[in-house]
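A.B. asks: Below, each chain spelled out in residue letters.
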Amino acid sequence: MKTYLPPKFIVDRNPSRCIQCQVCVNQCSFDVHYYDADDDEVRSHEENCVGCHRCVIFCPTQALTIERNPLDYRENYNWRPEIIEDILRQAETGGVIITGMGDDKRQRIYWDHLVLNASQVTNPSIDPLREPMELRTYLGSKPERVEIEPDSLELKTYLAPQVELDVPVMFAAMSYGAVSLNVHESLARAATESGTLWNTGEGGLHPKLYKYGHNTIVQVASGRFGVHPQYLDVARVIEIKIGQGAKPGIGGHLPGEKVSAEVSLTRMIPQGTDALSPAPHHDIYSIEDLAQLIYALKEATNYQKPVAVKIAAVHNSAAIASGMVRAGADIIVLDGLRGSTGAAPKIIRDNVGIPIELALASVDERLRQEGIRNRASLIVSGGIRNSGDVVKAIALGADAIYIATAALIALGCTVCQQCHTGKCAWGICTQDPKLAKRVNPDIGSRRLTNLLRGWSLEIKDMLGGMGINALESLRGNRLHLRGVGLTDTELEILGVKMAGS
Amino acid sequence: MAANRRQDSQFKVDATGLHYRRLNQLLRQAVADGAERIELQNVYGQRYIGTDLDREVEIEIQGTPGNDLGSFMNGPRITVYGNAQDGCGNTMNDGQIIIHGHAGDILGFSARGGKIFVRGDVGYRAGIHMKEYQDKKPVLVIGGTAQDFLGEYMAGGMLILLGLNLREGEYHRASFIGTGMHGGVIYLRGSVDQFQLGREVGVAEIDEVDCSNLDRLVGEFASYFSYNAAEILKGRFIKLLPLWLRPYGNLYVY
Ligand code: SF4
Ligand code: SF4
Numbered sequence: 001m002k003t004y005l006p007p008k009f010i011v012d013r014n015p016s017r018c019i020q021c022q023v024c025v026n027q028c029s030f031d032v033h034y035y036d037a038d039d040d041e042v043r044s045h046e047e048n049c050v051g052c053h054r055c056v057i058f059c060p061t062q063a064l065t066i067e068r069n070p071l072d073y074r075e076n077y078n079w080r081p082e083i084i085e086d087i088l089r090q091a092e093t094g095g096v097i098i099t100g101m102g103d104d105k106r107q108r109i110y111w112d113h114l115v116l117n118a119s120q121v122t123n124p125s126i127d128p129l130r131e132p133m134e135l136r137t138y139l140g141s142k143p144e145r146v147e148i149e150p151d152s153l154e155l156k157t158y159l160a161p162q163v164e165l166d167v168p169v170m171f172a173a174m175s176y177g178a179v180s181l182n183v184h185e186s187l188a189r190a191a192t193e194s195g196t197l198w199n200t201g202e203g204g205l206h207p208k209l210y211k212y213g214h215n216t217i218v219q220v221a222s223g224r225f226g227v228h229p230q231y232l233d234v235a236r237v238i239e240i241k242i243g244q245g246a247k248p249g250i251g252g253h254l255p256g257e258k259v260s261a262e263v264s265l266t267r268m269i270p271q272g273t274d275a276l277s278p279a280p281h282h283d284i285y286s287i288e289d290l291a292q293l294i295y296a297l298k299e300a301t302n303y304q305k306p307v308a309v310k311i312a313a314v315h316n317s318a319a320i321a322s323g324m325v326r327a328g329a330d331i332i333v334l335d336g337l338r339g340s341t342g343a344a345p346k347i348i349r350d351n352v353g354i355p356i357e358l359a360l361a362s363v364d365e366r367l368r369q370e371g372i373r374n375r376a377s378l379i380v381s382g383g384i385r386n387s388g389d390v391v392k393a394i395a396l397g398a399d400a401i402y403i404a405t406a407a408l409i410a411l412g413c414t415v416c417q418q419c420h421t422g423k424c425a426w427g428i429c430t431q432d433p434k435l436a437k438r439v440n441p442d443i444g445s446r447r448l449t450n451l452l453r454g455w456s457l458e459i460k461d462m463l464g465g466m467g468i469n470a471l472e473s474l475r476g477n478r479l480h481l482r483g484v485g486l487t488d489t490e491l492e493i494l495g496v497k498m499a500g501s
Numbered sequence: 502m503a504a505n506r507r508q509d510s511q512f513k514v515d516a517t518g519l520h521y522r523r524l525n526q527l528l529r530q531a532v533a534d535g536a537e538r539i540e541l542q543n544v545y546g547q548r549y550i551g552t553d554l555d556r557e558v559e560i561e562i563q564g565t566p567g568n569d570l571g572s573f574m575n576g577p578r579i580t581v582y583g584n585a586q587d588g589c590g591n592t593m594n595d596g597q598i599i600i601h602g603h604a605g606d607i608l609g610f611s612a613r614g615g616k617i618f619v620r621g622d623v624g625y626r627a628g629i630h631m632k633e634y635q636d637k638k639p640v641l642v643i644g645g646t647a648q649d650f651l652g653e654y655m656a657g658g659m660l661i662l663l664g665l666n667l668r669e670g671e672y673h674r675a676s677f678i679g680t681g682m683h684g685g686v687i688y689l690r691g692s693v694d695q696f697q698l699g700r701e702v703g704v705a706e707i708d709e710v711d712c713s714n715l716d717r718l719v720g721e722f723a724s725y726f727s728y729n730a731a732e733i734l735k736g737r738f739i740k741l742l743p744l745w746l747r748p749y750g751n752l753y754v755y
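In the order they appear, the protein sequences are chains A and B. So for the first sequence, this note's numbering puts the first residue at 1; every next one is plus one. So for the second sequence, this note's numbering puts the first residue at 502; every next one is plus one.
No wet-lab data here; the hints were simulated from the structure. Hints may be right or wrong, so weigh each one.
To be verified - Keeping only pairs whose Cα atoms sit at most 27 Å apart, straight-line, the calculated DSSO-like set for lysine-lysine is:
no.	chain 1	residue 1	chain 2	residue 2
1	A	K423	A	K434
2	A	K142	A	K208
3	B	K740	A	K208
4	A	K208	A	K434
5	B	K638	B	K740
6	A	K423	A	K437
7	B	K637	A	K211
8	B	K637	B	K513
9	B	K637	A	K208
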């Protein structure tokens, strides 16, 4: 069938600069550039271009420009080019449209409507360069009150296992299978160096990375891939994945092509077979069942590790979160509407779930009202872009933040949304050994460590500006936030005042 | 309350009134102290028995163990003189569970290895998402019959349903057998109608390899529950196999 889909991008090769070196031919994993031997010239199949800009960065003479194909259809606010093209694609194939990364649509980003406070005149700000500034964060269930043995000054109260973070930013679940092993190693090493945690995702942990176990969160998802006693034993935290922001309510499916020999080793399934993650955990149909799995994992690891439960932020998150805490979760993870994925149906990615800011505010508030906020730490994720978002999330009530897309961008990702194709030109979302080599764990871990360092410095600056010397004092302190351009209902749900009031 | 050591490496625990947390603590302790055989008496709903023991040890249960018996289990061999509840063998890695009564729902859920033998009937979704890996191949042998969704999402391993308690001419009741199955094999003794099978499975006659599998595993089943294996093997078996290794391969566009 002739495709009616127009090319998305135009490849402009400046002939006065191009030296026919063919670097672009080798760099492009989408078969755009090719060398025409007859004419001795490098040419392009523009229709294949995904706009990842790998060639642009690697062209030694800056001969390449990738532009969006203007596609000037007759203007129509309803029938936008993307909508037309999705219909064409489905008319040509009859399938569910799959995409990568997070929701890219125009739902309101509340971070951009929240602003932070700073000290002026009446209270002094603090200079983090010269005064101690505490970002330390402890994840885990906290007791209602602590009792101390008067004579020995020993703690009398039982303390559930706690995990100490030097910076409240962790790397979110990305499975080996979705991302390459080099990405896993980069994340693991950067987390170890930065005093934070990374998350295996639901595809198991490669034995080579067991040595980073102290900084590793292992996931137990509906497919139970790679879940075995040693996997649970090496971990610092165990996370039960119920859902993720990019695809709330649906399962996952790693196609057989991506189950290489190495992936098969960590997922513990035969090479080349599909890895299906069922939509629900079939042992969890209720809060009581969730409690059963939480305690199964606690029993399996002799109560040595916090158990986290991750859900996608949906309409009744607050009530569910309350149930999760009562079920014994030590940590609750909320993944918002903009949460990313290696592959999800686009219609679900862009239409299901709620913005993380609203979910966070309502869950924190609900747990406080019920007097159980201390019983679990709260982690949020889904589109957190910079340290400003991090500080706002903490003021809204989060204990820590997960980043995934931001971490991949640090490794080179340009958010081209082709993760599901397995052809990532940046070597991130691929199992092709030739492409995966493009992420060097020595450099990758340094880039990630740098990012976290930069964010920590900025967080300290913002805290100092507010006259606060410990992140703990900002946690859930919504008086440090104000809203701009929000309705009364939005302000009420966020629990913040309008700027100026 | 402590476990009573009898003779060398033989332990006996009276579980009356013990919370599962305490009971499992005693089990861990006994295993650490070198137990080879542990007898649990008066078990009454305690969950997770057999988890976190990580080596071969004989556990005998008198009574009714609770949910998630042998979850994440890696090595022990548990014999239950009574019924097992839901989630028995959940994500089990290795070991054996032998149940002299019935078992509840999701028996052997996501098991990757080990063997489970049930003398009586089992609940819904037995064998769901069992997988195999390298030399690991989980095995489930059920003497009676099963509820719906037997072998759902099965990705590996062997599931044998014997139907020994069906009367002459009586059919298995389960529907949606093997729905979403994409690996492994189910052997059925006793009759089923085509409509009881999931869309993703095909029926095949058994061949020599199957016969030797059945000989071995039905033999083992019969030895636990004092049946005559030859009698059982006389019945007609069919084999259910996934029609496609990638049942959902053509649903998506990129
Ligand atoms: S490398 Fe990326 S941007 Fe360059 S031509 Fe290929 S797909 Fe397009
Ligand atoms: S990870 Fe790779 S494929 Fe995915 S969006 Fe980033 S650059 Fe594109």
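A.B. asks: Tell me, which hint numbers fail for this structure?
C.D. replies: Checked against the structure, the hints that fail are numbers 2, 3 and 8, while the rest are satisfied.
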